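Asks: Sequences and hints are given; from them, build the entire structure.
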Amino acid sequence: MTYTRVQLEVPFSYGDNVVIDQDPSHLRHGRKPYITIDLNVLELPVPDLSTVYGAYLATPELAAQLRQLSGLRERQFTLGLDPQAEELGRFEGREIPELVCFEVIGDFPRDDLALREKVPGLLVSERAWDVIKRFNIGDADVEAYEPNS
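For the sequence shown, the tail end lands on 187 under this note's numbering, and the numbers increase by one without skipping.
Derived by calculation from the structure, the hints in this document are not laboratory data.
A couple of the hints might just be wrong.
[Unchecked claim] Think about it this way: if two alpha-carbon atoms lie no more than 20 Å apart in a straight line, the pair counts; the simulated EDC-like pairs of lysine to aspartate or glutamate are:
1) Lys-171 - Asp-86
2) Lys-70 - Glu-81
3) Lys-171 - Asp-149
4) Lys-70 - Glu-141
5) Lys-156 - Asp-168
6) Lys-156 - Glu-141
7) Lys-70 - Glu-112
8) Lys-70 - Asp-145
9) Lys-156 - Asp-86
10) Lys-156 - Glu-181
11) Lys-156 - Glu-184
12) Lys-171 - Glu-47
13) Lys-156 - Asp-179
14) Lys-171 - Glu-99
15) Lys-70 - Glu-155
16) Lys-171 - Glu-181
All values reported here derive from a predicted model rather than from experimental measurement.
Replies: Encoded structure:
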């Protein structure tokens, strides 16, 4: 199976109530898992697929198609506006977008979506890329993934 490596935009920051599992035995692909996901939007509009440190956020339209792929688990989360940006009026007249949050739990090269330790970005199978490329992924960096390079 051929994979594409996608490094997505990060238009979010952690909210006050985020909780990250600090137990080293729970690391997955070199990343600490979330216990509670609480995020703030830093800028609008948000692409159809974006990320913040291992949490992936998709518009409802894209999320409906991602649910058909392997390697993702849907997560509950809270989303607010960045207080500093809000104070500066950057969100005036705008609303928080409706998004769905996923955690990548897939393994390379078995699943459609995966992460690997020491490999930045999301690894996306051909099948998954055929879905994702039809949506707005902002200024993401996209390249073929060669595991031995």
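Asks: Which earlier hints can't be squared with this structure?
Replies: 2, 5 and 9
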